[in-house]
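With chain W fixed as given, assemble chain Y with the ligands onto it according to the hints.
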Amino acid sequence: MLQLTDIEKVYQTKTIETVALNRVNLTINKGEFVSVMGPSGCGKSTLLSIMGLLDEPSGGILELDGRPVKSYSDKELAHLRNQKIGFVFQSYHLINDLSVLDNVELPLLYRAGVGGKERRQRAHAALDKVGLSARTTHFPSQLSGGQRQRVAIARALAGRPEIILADEPTGNLDSVMGEEIMDLLLGLHRHDGTTIVMVTHDEQQAQKTERLIRFFDGSQVA
Amino acid sequence: MLLSYLKIAWKVLLRRKFFTFISLFGISFTLMVLLVVYAMYDHTMGPHTPEKRVDRLLFITKLELWSDHSQSNSGASYSFLDRYVRPLRTPEKVSIATDGGSLVAYVGNQKLKLDTKSTDGEFWQVLDFDFLAGRPYTVREVREGAYVAVINESTSRRYFGTTQGVIGRFLEADALRFRVVGIVRDVPASRMLTTADLWKPITVSTVDLRDPSYLGPCMAILLARDAADIPTIQQEFRQVVSRVPVPDPKAYTEVRVYAEPILGNLLTRELFRTTGPDNGTGRFMALAFGLSLLFMLLPALNLVNLNVSRMLERSSEIGVRKAFGATSGVLVGQFLVENIFLTLLGGVLGLGLAAGVLHLLNGSGLIPYAHFTLSGRVFGAALGVAVFFGMLSGVYPAYKMSKLQAVQALKGGTN
Ligand SMILES: Nc1ncnc2c1ncn2[C@@H]1O[C@H](COP(=O)(O)OP(=O)(O)OP(=O)(O)O)[C@@H](O)[C@H]1O
Ligand SMILES: [Mg+2]
Numbered sequence: 001m002l003q004l005t006d007i008e009k010v011y012q013t014k015t016i017e018t019v020a021l022n023r024v025n026l027t028i029n030k031g032e033f034v035s036v037m038g039p040s041g042c043g044k045s046t047l048l049s050i051m052g053l054l055d056e057p058s059g060g061i062l063e064l065d066g067r068p069v070k071s072y073s074d075k076e077l078a079h080l081r082n083q084k085i086g087f088v089f090q091s092y093h094l095i096n097d098l099s100v101l102d103n104v105e106l107p108l109l110y111r112a113g114v115g116g117k118e119r120r121q122r123a124h125a126a127l128d129k130v131g132l133s134a135r136t137t138h139f140p141s142q143l144s145g146g147q148r149q150r151v152a153i154a155r156a157l158a159g160r161p162e163i164i165l166a167d168e169p170t171g172n173l174d175s176v177m178g179e180e181i182m183d184l185l186l187g188l189h190r191h192d193g194t195t196i197v198m199v200t201h202d203e204q205q206a207q208k209t210e211r212l213i214r215f216f217d218g219s220q221v222a
Numbered sequence: 001m002l003l004s005y006l007k008i009a010w011k012v013l014l015r016r017k018f019f020t021f022i023s024l025f026g027i028s029f030t031l032m033v034l035l036v037v038y039a040m041y042d043h044t045m046g047p048h049t050p051e052k053r054v055d056r057l058l059f060i061t062k063l064e065l066w067s068d069h070s071q072s073n074s075g076a077s078y079s080f081l082d083r084y085v086r087p088l089r090t091p092e093k094v095s096i097a098t099d100g101g102s103l104v105a106y107v108g109n110q111k112l113k114l115d116t117k118s119t120d121g122e123f124w125q126v127l128d129f130d131f132l133a134g135r136p137y138t139v140r141e142v143r144e145g146a147y148v149a150v151i152n153e154s155t156s157r158r159y160f161g162t163t164q165g166v167i168g169r170f171l172e173a174d175a176l177r178f179r180v181v182g183i184v185r186d187v188p189a190s191r192m193l194t195t196a197d198l199w200k201p202i203t204v205s206t207v208d209l210r211d212p213s214y215l216g217p218c219m220a221i222l223l224a225r226d227a228a229d230i231p232t233i234q235q236e237f238r239q240v241v242s243r244v245p246v247p248d249p250k251a252y253t254e255v256r257v258y259a260e261p262i263l264g265n266l267l268t269r270e271l272f273r274t275t276g277p278d279n280g281t282g283r284f285m286a287l288a289f290g291l292s293l294l295f296m297l298l299p300a301l302n303l304v305n306l307n308v309s310r311m312l313e314r315s316s317e318i319g320v321r322k323a324f325g326a327t328s329g330v331l332v333g334q335f336l337v338e339n340i341f342l343t344l345l346g347g348v349l350g351l352g353l354a355a356g357v358l359h360l361l362n363g364s365g366l367i368p369y370a371h372f373t374l375s376g377r378v379f380g381a382a383l384g385v386a387v388f389f390g391m392l393s394g395v396y397p398a399y400k401m402s403k404l405q406a407v408q409a410l411k412g413g414t415n
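Chains as they are written, first to last, in UniProt numbering: chain W, 1 to 222; chain Y, 1 to 415.
Next up, chain W with everything else stripped away, as it sits in the complex (with noise of 0.2 Å):
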């Protein structure tokens, strides 16, 4: 489903250059959970960027549905973002000016076709499954660094993409919400067929996984 060739991604600043994925090669196949590990600064956050449509890289093909995502006009990449892909930042990334529930929302709001209702609907239904049902009209800044974190998931799922690309989703929760999270990743994989892309630093975590993946300074090595 994804195709990765050749991949690069260099950050130009003023004094240094970074070469923060080198010749990445690479294939997520339709219905896999795949880990990623690796050293901080060796590039995950950057690949799960790229691959989610986020980023351009700077080298390399990438290949979305055996089509080059290049080929894609601004808008239609909108569209695939909207429709396949569910992100999970590192650093969260909600919106601090809307409730939970809102936040949630945001997916559907730009997919065409979803009332009001419905929207909120399946934002309910995603929130329950992360266990935070109970904390929708409260705002990003009420909420604990976990918390936080499952409204990100939350907001990933409640567009039903085809892919998850979720960055470190367990870090700031404890070994016992780790889990739950875990087992609902799991859970969406074996029964919908979710793909699912997760850069994780916990070693059990990613043998539970069906692929593991290690990256090194830019550079797949396992």
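There could be a bad hint or two in this list.
[To be verified] Result set (BS3-like, lysine-lysine): computed pairs, CA atoms no more than 27 Å apart in a straight line:
1. W:K117 x Y:K11
2. W:K75 x Y:K400
3. Y:K400 x W:K14
4. Y:K7 x W:K117
5. Y:K403 x W:K75
[To be verified] In silico negatives: residues of chain Y with every beta carbon more than 10 Å from chain W:
6. S242
7. I340
8. K400
Just so you know, these hints were derived from the structure itself, not from any lab.
Glycine included, every Cβ here is placed at the ideal spot set by N, Cα and C.
What follows is chain Y with the ligands alone, placed relative to chain W:
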């Protein structure tokens, strides 16, 4: 979608009270000034009683005997206007009246000074007064020199203590007895060419109708059949004037007299101190337009500036929205809605402020009988200006932000 935009717009405004205050203050203050100025302009020059058909009216109020070393000017004489203006073929109707005068009446032993205007009978046909009671005096009454008068509401109240049953009663002033035939609603003093407390036939005034000199105390008001006829009438009058003999050819070379719309006649000639053929209306329009644009540009630029920093602060939100499928168009739409919402808020506030200022002006008695109002036209103009502001100040920053890569926006939009 729109509701969700407005919801977030409202929250952002509340959260950034200082930003909101600055923006709103800039917008509402600017709009207030523009609205007050426009209301005053409209009140003096716009289509209001009695010059309701102002777009069809031309005025001849000044006459100048001119040479490059000697000029003499005042109003025109009755005989000049009667001979050269009344017979014009292109206007529907011509009226001749005095610039104004005054009479003194007594109520008990209290002195009541009345501003007067002496007119012909056509005066009432060319203009549209609001009659509360009675009727105008007729062409025939004027011809016969009848001592009749039309008075305004305030004068009726002051002199008779009422406006009821006044028709047919007599008003004595300067030892003359006028039978009141009509009462009209007060005309603001700012309608300088038509206002008075008492209007009476020109035949019973002190004006010498047969004085052959060109200069005199009178003016003419011309009603065109259609606003489009105005240039034709002016053209005909120019031709007539060009054949008018110059009265004292040794001293003067030219008779300068023009038929002009109210704006040129009342305002721009005074403003630019010109007596020549160009009354300065074009210059005035350019100046007014330029100044108001400049005046609006300042708060608009201020808004652009504030908007840019506001959007930088909100770049994370933009990044998130992009990540979940918002297109650039949708984002620009969102920020425009927010901005127009803000400017409309400023517009409403400005409208309120302007209404307050006009209310104070009306109550202050600075201009007698003045009643400044914010008409639908003014309101529409304000709304238009507010939306224009919103667009002007929102489009550029919104467009710029929406073009960022989602990841860049999430990281703060700096690169
Ligand atoms: N906008 C940027 N400008 C310059 N360098 C950047 C930028 N973003 C990331 N980098 C660099 O790219 C490299 C990879 O960053 P990335 O965020 O992908 O790491 P990571 O593997 O997700 O690390 P972590 O586990 O700490 O989240 C790092 O060296 C980082 O400094
Ligand atoms: Mg990372």
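Quick rundown of the hints versus the structure:
With a C-alpha separation of about 22 Å, the suggested pair K117 of chain W and K11 of chain Y falls inside the 27 Å cut-off, and the hint holds. Under the criterion of a C-alpha separation no larger than 27 Å, the hint pairing K75 of chain W with K400 of chain Y is consistent with the structure, at around 16 Å. Restraint check for K400 of chain Y and K14 of chain W: the C-alpha separation of about 23 Å stays at or below 27 Å, so the hint holds. At roughly 17 Å between alpha-carbon atoms, K7 of chain Y and K117 of chain W fall within 27 Å of each other, so this suggested pair holds.
For the proposed pair K403 of chain Y and K75 of chain W, the alpha carbon gap of about 12 Å is at most 27 Å, so the pair holds. The Cβ of S242 of chain Y sits about 68 Å from the closest Cβ of chain W, beyond the 10 Å cut-off, so the non-interface label holds. With a least CB separation of 18 Å from chain W, I340 of chain Y remains clear of the 10 Å interface cut-off, as annotated. Interface exclusion of K400 of chain Y from chain W stands, the closest Cβ pair being 15 Å apart, more than 10 Å.
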